[in-house]
Amino acid sequence: MMAGVIPGIEVRSLTRAYGNRLAVDALSFEVCKGEIVGLLGPNGAGKTSVMRILAGFAPPTSGSVRIAGFDISEHPLEVKRRIGYLPERPPLYREMSVRSFLMFAAELKGVPSARRRSSVEKAIERCGLKEAAGRLIERLGRSYRQRVALAQALVHEPEVILLDEPVAGLDAPHVQGVGSLLRELAPSAAILLTSHSLGDVADTWRRVILISKGKLLIADTPEGLRARLCRQAKRRIRVEFAGAVDAVAKALAALPGVAALEAVRRLGTGQAPRIQCLAVCEGPGDCRNAVARCVVENRGDLLSLSEEPPPIEELVDLLAPQGVSAGTPS
Amino acid sequence: MKETCAIFKRQVGSLFRSPFAYATIALYLLCSGFIFYHIAFAEVKGPGLASANQAGASHVWCEFWRASGWILVLVLPLVSMGSIAGEKAAGTIELLLTCPVRLWQIVVGKYLGLVAFLAAMLAPTGVMAAILCRYGDLAGTEVVSGYLGALLFGAAALSVGVFTSSLARTQAGAGLAAFAVLAVFCSVGFLGPYLPAVGGDLVRYLSIGEHYGHLVSGDVGLGDIVYLISFAVFFLVAAAESLRILWTGVKWGQ
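Just so you know, the protein sequences line up as chains E and R, in that order.
For the first sequence, this note's numbering begins at 1 and goes up steadily by one.
For the second sequence, this note's numbering begins at 1001 and goes up steadily by one.
Excised from the complex, chain E in its bound form:
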């Protein structure tokens, strides 16, 4: 953190207990204005509990949270004026139209009546809702609903943006759209978003905070995390090929360094078969080149090849024994 700059989010020794179970265990981190930080963890890691506490929806058992300099326990209204919060489950009034719902959200969030309409139109534009603005929310698909929920979080142009699984349920083009939107918002806001995957919008993150069982495992840059993964985790190469598909599949399974061939799907017609699969590679080095060469050498036509991030559970298993290894959480 830069000296003299008030962090957008400042969390110190945050703990939340449900009975005897600790959902959040002495968690500390900061997010400054201009940063997009990913809060990452497997299901049940405590991400939603953290977000709910930061949004003022659930009280902490102990520890402190300051949003834009205001303590959440002492000044909850000041905090709520400054946050835009997208819960895990989109909070939508289905019987309302998109525009009237956003007008309602803007009014509740204290947007002055003189600029309420323009704020709503801006949120509609930003979230790609122009076509759906006059439609009832109950008639929208899942992707649109998620974007309406995102729009309500942004309608008052908050200083701190908290997004719980913002791309859940969105299709690929819209995931990219959210990524672009986050980059656009980042200069004027501190953004914390949760995910249970390293894919999604990970390329927008400036830092990653990985938690498991409510505890901080690691706080690092995405590049730093990827570097660790390259050294430690199994690499997953998604490959799609046509041509002599059976011969290629057999050769890939026998390729040195490939531990397993997973999620094999036969696509296409009998005349022009295609196979899509996941080659799980072990050992040092980049195996993408070997996989590509194997496809071509066995008379296959390489259609696509990309590396997928490891499942978050595997990441946690790898990093958990090492404890907090990034030194400072901020």
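Treat the hints with caution; some may be incorrect.
[Said to hold, decoys possible] For lysine-lysine, the following DSSO-like pairs were computed, each having C-alpha atoms within a straight-line distance of at most 27 Å: (1) E:Lys215 - R:Lys1009; (2) E:Lys250 - R:Lys1009; (3) R:Lys1009 - E:Lys33.
[What the hints assert, rightly or not] Which residues of chain E face chain R? A partial, calculated answer using Cβ under 7 Å: (4) Ala55; (5) Phe57; (6) Leu77; (7) Arg81; (8) Tyr85; (9) Arg89; (10) Pro91; (11) Phe104; (12) Leu108; (13) Pro112; (14) Arg115; (15) Asp220; (16) Pro222; (17) Gly224; (18) Arg228.
Since the hints were made in silico from the structure, they are not lab data.
Predicted model, so just to flag it, every value in this text is computed and none were measured.
Glycine included, each C-beta is placed from N, C-alpha and C at the ideal position.
Dock chain R against the given chain E, drawing on the hints supplied.
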């Protein structure tokens, strides 16, 4: 105030967009219409409308509201049960409680929306008042006291519904609990004659049915009005407090 107004408008809009609300109004009007017909035209004992004098019209008007009170006890829990429990079920409670709005503003905004719905539900009974005024010479003051009683009693009943809705996990649970609480507060006065003097007076005073009965019979007393308003305020404060305890843990008044 703006926030309360926004929540009020949304609550009213939500109620009137729902077919359930219209079904509830229809049910109420059907039952109250039947009661009115029975008292005014089919009752053989007592001075019905057939006597066509003021005493007869007053009797019909008073008995109509007394009987309608029980319909309100049945119907208003259905109207109010979703006020907060419905927000929990839809997940929109998370939106309301993370906006810069005080808990009492949420509760009052929703409650006023329900009271507006109650007023709309009672409005068509104006036809009955018009019939009694035209053919039975019902006094204007009796019309006013009847509606004052029904509105205050209904508003008190709705406050119980908002409170149980703030506690319950499901709308059905909230409706049943509201009905149970209202049934107790309406019928506790019946115990009065069987209790010693002080105890009898106390249960009669606590009974909202007693105060409602005074108002609809034209015996408008400040004590009855104050009691019914205090009753509603008590349950609304309890609703805001239960939200505070169950959900946010924020300090009193924030």
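Hint-by-hint comparison with the structure:
For the proposed pair Lys215 of chain E and Lys1009 of chain R, the alpha carbon gap of about 43 Å is over 27 Å, so the pair is violated. Annotation: proposed proximity of Lys250 of chain E to Lys1009 of chain R is violated, straight-line Cα distance about 66 Å (limit 27 Å). At roughly 36 Å between alpha-carbon atoms, Lys1009 of chain R and Lys33 of chain E are farther apart than 27 Å, so this suggested pair is violated. Interface hint status for Ala55 of chain E: upheld, as the beta-carbon distance to the closest one in chain R is roughly 4 Å, under 7 Å.
Interface hint at Phe57 of chain E: satisfied, since its Cβ lies 5 Å from the closest Cβ of chain R, which is below the 7 Å cut-off. Evaluation of the Leu77 of chain E hint against chain R yields a held restraint, the C-beta minimum of about 5 Å falling below 7 Å. Checking Arg81 of chain E against chain R: minimum C-beta separation of about 4 Å stays under 7 Å; hint holds. Because the smallest distance between the Cβ of Tyr85 of chain E and any Cβ of chain R comes to about 5 Å, under 7 Å, the interface hint for this residue holds.
Taking 7 Å as the C-beta cut-off, the interface hint given for Arg89 of chain E holds, the closest approach to chain R being about 4 Å. A hinted interface residue such as Pro91 of chain E counts as satisfied when its beta carbon comes closer than 7 Å to some beta carbon of chain R; here the least separation is about 4 Å, so the hint holds. The interface hint given for Phe104 of chain E holds, since its Cβ lies 6 Å from the closest Cβ of chain R, which is under the 7 Å cut-off. Annotation: interface hint on Leu108 of chain E holds; nearest CB of chain R at approximately 4 Å, less than 7 Å.
With its C-beta approaching chain R no nearer than about 10 Å, Pro112 of chain E sits outside the 7 Å limit, and its interface hint is violated. Against a cut-off of 7 Å between C-beta atoms, the interface hint on Arg115 of chain E is violated, since the closest Cβ of chain R lies about 14 Å away. Using the Cβ-Cβ criterion of 7 Å, the hint placing Asp220 of chain E at the interface with chain R is not satisfied: the shortest such distance is roughly 29 Å. Hint status for Pro222 of chain E: violated, given a least beta-carbon distance of 28 Å to chain R, over 7 Å.
For Gly224 of chain E, the interface hint is violated, since its Cβ never comes within 7 Å of a Cβ in chain R; the closest pair sits about 32 Å apart. Interface hint at Arg228 of chain E: violated, since its Cβ lies 35 Å from the closest Cβ of chain R, which is beyond the 7 Å cut-off.
The structure fails hints 1, 2, 3, 13, 14, 15, 16, 17, 18 (numbered hints given earlier, in ascending order).
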